[in-house]
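Colleague: Put chain F on the given structure of chain E with help from the hints.
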Amino acid sequence: MIYLRLIWSYLKIGLFGFGGGYAMLALIEREIVGPGWISKKMFTDIVAISQMTPGPIGINSATYIGYVAPAHTTAAFADNPLWGILGSLICTLTVVLPSYFLVLYTSHFIRRHRDSVAIQGIFMGLRPVVVGLIASAALLLMNDQNFGTVDADIIKSICICAAAFCLVFWTKLHPIIVILIAGVAGFLIF
Amino acid sequence: MKHQLWRLFAAFFKIGAFTFGGGWAMISIIEKEVVTKNHWVEKDEFLDLLAVAQSLPGILAVNISVAVGDKIRGFKGSIAASAGTILPSFLIILAIAIFLTPEAINTNPVLTSIFKGLRPAVVALIIAPVITSARAAKISWKTIWIPVAVALLVWSRLPVVSNPILYIVLGGLGGYLYLRRHHKMLRAADKHDNDPQLEKEDEQ
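Chain order of the listed sequences is E and F. Going by my numbering, the first sequence opens with residue 1, and the numbers climb by one from there. Going by my numbering, the second sequence opens with residue 191, and the numbers climb by one from there.
Everything labelled a hint here was simulated from the structure, so no lab data went into it. Please read all numbers here as calculations on a predicted model, not as lab measurements. In this text, a Cβ means the ideal position worked out from N, Cα and C, and glycines have one as well. Please note: incorrect hints may appear among the correct ones.
What the hints assert, rightly or not - No more than 30 Å apart at the CA atoms, straight line, and that leaves these computed lysine-lysine pairs for DSS-like:
(1) F:K328 <-> E:K172
(2) F:K332 <-> F:K266
(3) E:K12 <-> F:K204
Claimed, not checked - Here are the computed distance ranges between Cβ atoms for each label pair:
(4) F:L290 <-> E:A118: 43 to 53 Å
(5) E:K40 <-> F:T297: 17 to 27 Å
(6) F:I334 <-> E:W8: 50 to 60 Å
(7) E:L97 <-> F:H193: 20 to 30 Å
(8) F:I334 <-> E:C166: 21 to 31 Å
(9) F:D380 <-> E:W8: 52 to 62 Å
(10) E:N143 <-> F:W331: 25 to 35 Å
(11) F:R347 <-> E:L188: 26 to 36 Å
(12) F:T226 <-> E:V184: 22 to 32 Å
(13) F:T226 <-> E:T73: 25 to 35 Å
(14) E:A162 <-> F:H193: 37 to 47 Å
Unchecked claim - Which stretches of chain F does chain E cover? Using the computed rule of at least three CB atoms under 8 Å from a CB of chain E, they are:
(15) 196–208
(16) 282–291
(17) 311–325
(18) 356–365
(19) 375–381
Next up, chain E with everything else stripped away, as it sits in the complex:
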């Protein structure tokens, strides 16, 4: 039964997927493309679509794979889109479930032991690390995919990046407005 197998795979992805969306993609590929529930080509399409649509890549891919996998593996499920919608719901919920309870349990545990030396020390040590991890995410994203490969594109991209930074950081514009402005700017200059 494809749905049960999807649940099993997505529980594993949700439980062992450390380090955010892109790090999870390798795990998703092994669990979903490996057994042939979707084709390699479909997987590449899903990654591209996830980058073109808002939201976390882990949710986007789970929703998409949940929709296409039942029809791809079982001919009887191809007739009615409801089977796909059911798959979407199942995959999206199961990928979230393990970490949902882990975060909830950890938060409660921390709150209960807020004043202990151990918890205070751990957070004291974690704070500078988290700052470094955010910085590394920014460094990792300054790549060909986001800034382009041609000189002219790179210069335009750097200008957009610098302008967006000034708008968010100094003029305190809402980041959503900055995203919208950048989209319009991209449409006009690229």
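Modeller: Frame of chain E; chain F shown alone:
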């Protein structure tokens, strides 16, 4: 009370609907909605929630919303916030899967040029919280080597040392050992002053 749950859901729905490029890109928007606009969480507390979300497996954006929602309104809050984060992408992807072919999205010239403008802006949205979080973490000239080293090593993509989990474990352990030593030294100093109360505590 219901009103606040609804506001929590609405804030994270906005966050889910306008985040391109994954969990880290969300931080700017979440900080704006949760810390600056609604004052639900203090700046340094926000950093601790990020630490929890990043230390656990799963989707970073969802982990952050569960931690923030739970912090503000407990169990119901965590459901409202995570549902808000998930729903926009679920609905958008479902609509694409039902009505469009992947090619219609991936080769659309208008969408392609819009995204060429969006992507560099998303990078800026991640640079901004580096500075605000460094302030909240009270990073000084003495401690700045920690984030710099972590950022460069993770960026290096070398085997083993580029794994973020390594620095979460090291950071947590280092902080704990440092604070424990600090406390022991304080106690030793107190003992020296012949404080009977503290001596009793030490025996226990």
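Colleague: Against each hint, give a clear statement of whether it holds in the structure.
Modeller: Hints, verified against the model:
no. : hint                          : verdict
1   : F:K328 <-> E:K172             : holds, 21 Å
2   : F:K332 <-> F:K266             : violated, 41 Å
3   : E:K12 <-> F:K204              : holds, 29 Å
4   : F:L290 <-> E:A118: 43 to 53 Å : holds, 51 Å
5   : E:K40 <-> F:T297: 17 to 27 Å  : holds, 19 Å
6   : F:I334 <-> E:W8: 50 to 60 Å   : violated, 45 Å
7   : E:L97 <-> F:H193: 20 to 30 Å  : holds, 28 Å
8   : F:I334 <-> E:C166: 21 to 31 Å : holds, 23 Å
9   : F:D380 <-> E:W8: 52 to 62 Å   : holds, 56 Å
10  : E:N143 <-> F:W331: 25 to 35 Å : holds, 30 Å
11  : F:R347 <-> E:L188: 26 to 36 Å : holds, 35 Å
12  : F:T226 <-> E:V184: 22 to 32 Å : holds, 24 Å
13  : F:T226 <-> E:T73: 25 to 35 Å  : violated, 47 Å
14  : E:A162 <-> F:H193: 37 to 47 Å : holds, 40 Å
15  : 196–208                       : holds (count 4)
16  : 282–291                       : holds (count 6)
17  : 311–325                       : holds (count 13)
18  : 356–365                       : holds (count 8)
19  : 375–381                       : violated (count 0)
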